[in-house]
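Keeping the supplied structure of chain B fixed, place chains C, P and R upon it in accordance with the hints.
Chains as they are written, first to last, in the UniProt record's numbering: chain B, 1 to 471; chain C, 1 to 471; chain P, 1 to 471; chain R, 1 to 471.
To be clear, the hints were calculated from the coordinates, so they are not data collected in a lab.
One should not assume that every hint holds.
No copy is singled out in the list; a pair is fine if it fits within one copy or between any two copies.
In silico DSS-like pairs for lysine-lysine, Cα to Cα no more than 25 Å straight-line [said to hold, decoys possible]:
| hint | residue 1 | residue 2 |
| --- | --- | --- |
| 1 | Lys186 | Lys307 |
| 2 | Lys169 | Lys451 |
| 3 | Lys451 | Lys400 |
| 4 | Lys364 | Lys186 |
| 5 | Lys330 | Lys61 |
| 6 | Lys364 | Lys448 |
| 7 | Lys330 | Lys307 |
| 8 | Lys61 | Lys114 |
| 9 | Lys186 | Lys330 |
| 10 | Lys448 | Lys96 |
Below, each chain spelled out in residue letters.
There are 4 protein chains.
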Amino acid sequence: MCGIVGIVDAGGVSFPLYYALYALQHRGQESAGITTFDGERLHKCKDQGLVADIFNADILKELKGDVGVGHVRYPTTGSKIPENIQPFNFTFQNKKISVAHNGNLTNTTELRKKFEDRGQIFCTSTDTEVIGNIIVDELRKTDKMEDAVLSCMKNLEGSYSVVIMINDKIYAFRDPLGIRPLCIGKTREGYIVCSETVAIDALNGELIRDVKPGEMLCISSEGVKCTQITEASSHGHCIFEYIYFARADSVIDGRLVYDVRRRIGESLHQEAPVDADIISPVPDSGIAHATGYSESSGIPYREGLIKNRYMGRTFIMPNQEARENAVRIKLNPVKQHLNSKSVVLVDDSIVRGTTSRRIIDIVKDAGAREVHMRIGSPPIKAPCYLGVDMPTREELIASKKTNDEVCEQIGATSLHHVSLESLIKATGIPNDDLCVGCITGEYPLCIKGEKGCPRHIEYVAGTFQSDLKDF
Amino acid sequence: MCGIVGIVDAGGVSFPLYYALYALQHRGQESAGITTFDGERLHKCKDQGLVADIFNADILKELKGDVGVGHVRYPTTGSKIPENIQPFNFTFQNKKISVAHNGNLTNTTELRKKFEDRGQIFCTSTDTEVIGNIIVDELRKTDKMEDAVLSCMKNLEGSYSVVIMINDKIYAFRDPLGIRPLCIGKTREGYIVCSETVAIDALNGELIRDVKPGEMLCISSEGVKCTQITEASSHGHCIFEYIYFARADSVIDGRLVYDVRRRIGESLHQEAPVDADIISPVPDSGIAHATGYSESSGIPYREGLIKNRYMGRTFIMPNQEARENAVRIKLNPVKQHLNSKSVVLVDDSIVRGTTSRRIIDIVKDAGAREVHMRIGSPPIKAPCYLGVDMPTREELIASKKTNDEVCEQIGATSLHHVSLESLIKATGIPNDDLCVGCITGEYPLCIKGEKGCPRHIEYVAGTFQSDLKDF
Amino acid sequence: MCGIVGIVDAGGVSFPLYYALYALQHRGQESAGITTFDGERLHKCKDQGLVADIFNADILKELKGDVGVGHVRYPTTGSKIPENIQPFNFTFQNKKISVAHNGNLTNTTELRKKFEDRGQIFCTSTDTEVIGNIIVDELRKTDKMEDAVLSCMKNLEGSYSVVIMINDKIYAFRDPLGIRPLCIGKTREGYIVCSETVAIDALNGELIRDVKPGEMLCISSEGVKCTQITEASSHGHCIFEYIYFARADSVIDGRLVYDVRRRIGESLHQEAPVDADIISPVPDSGIAHATGYSESSGIPYREGLIKNRYMGRTFIMPNQEARENAVRIKLNPVKQHLNSKSVVLVDDSIVRGTTSRRIIDIVKDAGAREVHMRIGSPPIKAPCYLGVDMPTREELIASKKTNDEVCEQIGATSLHHVSLESLIKATGIPNDDLCVGCITGEYPLCIKGEKGCPRHIEYVAGTFQSDLKDF
Amino acid sequence: MCGIVGIVDAGGVSFPLYYALYALQHRGQESAGITTFDGERLHKCKDQGLVADIFNADILKELKGDVGVGHVRYPTTGSKIPENIQPFNFTFQNKKISVAHNGNLTNTTELRKKFEDRGQIFCTSTDTEVIGNIIVDELRKTDKMEDAVLSCMKNLEGSYSVVIMINDKIYAFRDPLGIRPLCIGKTREGYIVCSETVAIDALNGELIRDVKPGEMLCISSEGVKCTQITEASSHGHCIFEYIYFARADSVIDGRLVYDVRRRIGESLHQEAPVDADIISPVPDSGIAHATGYSESSGIPYREGLIKNRYMGRTFIMPNQEARENAVRIKLNPVKQHLNSKSVVLVDDSIVRGTTSRRIIDIVKDAGAREVHMRIGSPPIKAPCYLGVDMPTREELIASKKTNDEVCEQIGATSLHHVSLESLIKATGIPNDDLCVGCITGEYPLCIKGEKGCPRHIEYVAGTFQSDLKDF
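Bound-form chain B, shown alone (with noise of 0.2 Å):
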């Protein structure tokens, strides 16, 4: 997973860049880059590391301009390798690009075949390169970004939001089925385009609108132009960004997340209802969903686990044995709390299953009487090809186990997850309009070897257009 941002504002833009990517560090803490362009040539700075420490004064300053494009990184395969970090900078007859790609696509194997066919070599084993290429070929053609979109769509199979600078111009561009997020915001002197709203807040400026799937946006100084290129009979929102992934003070598609976990958490209690003592959660993760069982029920709400601040991913343990015990210093039991007391433990979701375990051990060692897990998602079965960083079927503890299975093996009381119907329902969004093929095994495009209800896709590109002139 990857967040992405784009600005264009006449007061400079790597302050603003940093901030937003400081908003968006949860998408992504494996690496982080900026790329700015000042009028004549671009300025870059990205590294591995967490925000905080790839960037201070003296790179800002350097990172000239009034547009500019960044990106964070989550730890995926091939990350490590430095060319691969993001933004993906490139030049084609005299103009100076800048690509940043949330998602991840299912056919680029094919797609680097058909260039390396052509004599093309590639310089990173990124799909944002594959983007980049079929950008350039198209533009080289007709020199207009509209066909270099559609062309994507039309070759492009899987998620995708993408923020790419051309010189002074940023295009911004969300896959038709709207897998990934994108919005559009209003700075002081220009627009922001990124992942999530929080980057918007950060900046202090307001959310416009959701970016459409299917549409692209071209930001400049001039203003936002909007173009629908593709239309889809549905769409495919991810679920888990509402579960897990995006920031609970984020608003996606029009639902703050943490309302949409609130009600996960009412409809917890609705569907497993427990005579506990406390309602606690997991922190960070489960806090929205364990206030919202705590009034839907009546429990109090108390931290039964207190969550070390400062561990950072540098975190050293010298052994096996130890690496067990990182649990422990991460999440502090309250014994005052757990003592004794019939719990119920909020979390998002289980995944392999062993730190639902250890954080389950933890609690009953502190003296709780009963840890009863409810969890915010149905059972995780399948794997996600669309950008979501979940291990194979094999490691999912949900696709070999009865849910009796998971709750014997991670030692709980008693294991509810919420019904698929019911999270549907928190998020507000139509069924036909989600991905949730981690749950159910059905994915909204052609997976291969997987099963699905493809959404039919049809080019509208250019039919319409309007300008956000009113912000």
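Showing chains C, P and R alone in chain B's frame:
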């Protein structure tokens, strides 16, 4: 403020010290250090920065030995000077010695002069070096640590929880009033003495008890020996540890800090109820208080501000205006929770008032109809001379303004501080055993130019001794 | 200017590459890189800085494989851009490829345009990426490197010694005129191809011979195969390698550079004798020349200036005045050797004249009665388009001033440059086989706006082949 | 060994100190430090590594003030301990003090004991802290530096050139025998006192004279005051400074080191002539000697070994075999100069013999017919107790083997060391005023277990005083 730890453990101490300092990181983020003794020589590493940034596996492996001390330091005057970073290491007559100190002495100048008069030089500007000198000066006469600590307690004025390693033994003592916390726990193959119980939890150890005011412990591979050095008429536990400083999941002098804060929140509701829509904490410091207010009032607990979990100390701001926006990047308002709502905003304390003003601005910008500020401490009116980094009286907003004036200045709809009576009741500690100097301006020991009711100290060194054999 | 190296050795190549780059460090101090291939994937490390600063034992251990290439880069325009640091790594149809290039192309723009016209993007602004593209473009048609290198030699204009690794083979070729050096040697369990023989010496290897102009080598675990791709009517070895650039202990095209310089020094004496007290070099570049002058004249060789061996590139100067003093800190005059003496000061060349002026000032300040400047090259009057980082004609002091004017400007008592005739004689290379463009303004290939006598190139690819079996 | 410097200059001292330490870098590469005083407080920076790596413009700008001291340290036991890095800074009765020391004390243990007996702690394991204590101990009684330095000279045994800053004054003194060098020079707006004249040259300053043995200087904005503290019957200047340690372009006690070495080279020819083809130095230490031999014999001076100018301390070698090859990477043989030749190889000294063996191997591998080793010092047979980092007697090859045995072991055709008589004559210093302990085993002061003829010291403090007004 600082955090200190000493460990004797047959399995090696560098990794346990590192985990313990991680758990105590909230007590000091400016610098950190570890010193160990391997039977022959000291191994040392200390630097500016966070525990996670200073240490790595290679360094920890070099810190050999089964005895060691550690320290984290809060940014106070002089702390950026490398030689002031603790532990303070030195040698004396073939003894290898390392001292870590939490607290603040009020008679350092006089004590330094005494030593200088006989020709002594000072390598640092810390209180810790003075403590080291007093101990050594007595040791050379009688070679008994009981006498050395007695000399400390007779000569040192102020607060001091001290851990000192002399070759393979660790001595720990707490000033006669017990101003700063200090506790002892059992680890797998040894013992840990530390500022807060969370450090014991981090090692999966077991809390034995607090070190008593005026008590000295000697920890070695043979076990723990306890000696009472002084008896005070009453004590002076710092109230601010409960209000703000200590971690919520620590147990200090028998009280879970989280529960003290929750009870304060209940009192805030009983003293100043509001018919509001939501109760929101200022994260993270107001969370426990806010749950108490919510439970007592029945008004939903809902996060109106979400804290960015990645904000480091290195956050960069190009200018004053940006600095004012920093609070906005750190705390993002959840507009949907605040818009048109009457909000009870709960925080632990108001010091200068500037942060409160900015937070209330943010909440109101997000559309809140009313912002009722509820504060988990009485007005802070006087400076702290005993280790908490408070501003001067001039900078303390409550030292010169009435409650109404403060309310207006910070822009709240209403403002209420918990009463001192309720606060003390929430701690469950007798009035006489607390230091509430920052609230009342009366201190439990003589401070030049300030009022107070100094405790009577009786020197009883060596009369009571015991072993902690049963652990 | 740059230094390149490729090694195939059954004992692993990362340490040998590191030693070789150390030996070639004088050819480029701006950045360095190593790429190795372990039979499956590339391992890469490259960064700005000196070889000693970029690599360490841990990094070298990660650079696995028995095949690899390395590069050091001189500070030229664009070199500070991280993506321009060589080797240039890319993939093509499952081939892992890494290219290192020494030289300069004069038709890069046209070549890039050709590729861009068919939709190709460029990730760097280096000539090296262009070379990679030409090779791959031919490879996909015939899959024969002979054809790919032939295509290079037909299309590339300028100077290029190239080492390219394609999976487990290394190909090396030198432009038809042999402008930049390239040689091959035997290592313990394999072969090394590199810019200068000193890199072979560093591995305790044995020089086999120079790579011939227009020749391509293929080095693998099976041995070395040589193919002559072009035959030129005559060559164009860079005279400046002998004058200044190459290490004195290198043997280029059969000539020990040290001896060429010593013979130049002898000619300087014969052409312009002085009845001086001492002969002093400007260290280190004038040492060999000065020994030749001393031997020929019988006047004692004595160091009048001692070079500070610790001057790094990071030497700091607070202002312009200090910058002018920098020469003084780098070169310390030995007053006792200079005071009241007539000094012959020998240096390799004069470019802008500013450094010579400062050095002569220093020598005169130290009391020298006369300073006779003797220069190991004719006046440098024209720019270099073929890889040496020369200033423009306007900045070259000799392009606009007579010998007497230069002598006066630098403040010398007398000034003599070695004659072109003597210089060429000292190299022992036929006039026609040298490029002396920077001296005469006539180049051995077509350069827009410049005069020259381009060599005739015959393409003979594949007609002569041989194995280097006997090594 | 170490290098020290103190500067008082109205134009600021941090940059001059930095330049001076650069010039003295050869005296110590392990660590470096600068302390300045701005009229109120000390500014400090010290770390492990080279001067170029530790300091940068930002740091130097922070080192404010017109008074300061600096230090470079050679790798000796304990030097890697951060607190041992000099200058040693401390405070005493509102005085800010910083000490830098070059030399070695032989009675440190006794002196430390004396202070410990009265309760003093030690923060470092350096001689420097002991010196600081002695000075302060006397100062508090009389507040006169003459007395404090007299106390040093009465109590300290060994070698010591010391620079000490006390607030805005710098005091410099040299032990009664003048074992280590120390000199004073005039800068633009002040004065510099430093280990070698090259540091004065680096500031474009003017050498005034050497500090006399037993003399103390007081340097302030008012000028320089000189006080003779002791008079010794004769001195003990270290012979090894002339043989190897000092820079060739330094003038010590009136003698240009380069010329001393050149005269040694002449003596080597006169004592042991060879009918050889070339004279080659082992660079860089044998260069001056070799020019002397070449001039005296008329045999051409030609570099048979070229030193890699980029070898840093960080050169990496994977294993023992590689370590043995390191000499080969550092020193590259010029085969064309050596093959079939009879070579006179000139070096400054032989210590363990291992390096000589490897160098001779290299020269013979390069084809030399005969290798006649000529050494610019007599055999080194005894350890140094006075500051030069020599190995023990067991490791000194000449302490147990005859000249013929050494010759055979290092593989030379013939071996000759210069005679002690010629060496002393080359220095031009009377025999009695030199320390030649490492050659004869007889030292100019009492060293337990060693022979010697200690000088008689007379304490004359204060009787001779003068101002250096004329500079």
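Do the hints match the structure? See the list:
1. For the identical chains of this complex, Lys186 and Lys307 are inter-copy neighbours only, at 23 Å across copies versus 35 Å inside a copy, given an alpha-carbon limit of 25 Å.
2. When the C-alpha separation of Lys169 and Lys451 is checked against a cutoff of 25 Å, the pair qualifies neither within a copy, at 40 Å, nor between copies, at 44 Å.
3. With identical chains, the CA atoms of Lys451 and Lys400 are at most 25 Å apart within one copy only, with a shortest distance of 18 Å there and 71 Å across copies.
4. For the identical chains of this complex, Lys364 and Lys186 are inter-copy neighbours only, at 20 Å across copies versus 49 Å inside a copy, given an alpha-carbon limit of 25 Å.
5. Taking the shortest Cα distances, Lys330 and Lys61 sit within 25 Å of each other only across copies (22 Å), while inside one copy they are farther apart (36 Å).
6. Neither within a single protomer nor between protomers do Lys364 and Lys448 lie at most 25 Å apart by alpha-carbon distance, with minima of 44 Å and 51 Å respectively.
7. In the homo-oligomer, the alpha carbons of Lys330 and Lys307 lie at most 25 Å apart both inside one protomer (6 Å) and across protomers (18 Å), since each shortest distance falls under that limit.
8. For the identical chains of this complex, Lys61 and Lys114 are neighbours neither inside a copy (41 Å) nor across copies (36 Å), given an alpha-carbon limit of 25 Å.
9. In the homo-oligomer, the alpha carbons of Lys186 and Lys330 lie at most 25 Å apart only across protomers (20 Å), although the nearest pairing inside one protomer, at 38 Å, exceeds that limit.
10. With identical chains, the CA atoms of Lys448 and Lys96 are never at most 25 Å apart, being 36 Å at best within one copy and 27 Å at best between copies.
In terms of the numbered hints stated before, the structure departs from hints 2, 6, 8, 10, listed from lowest to highest.
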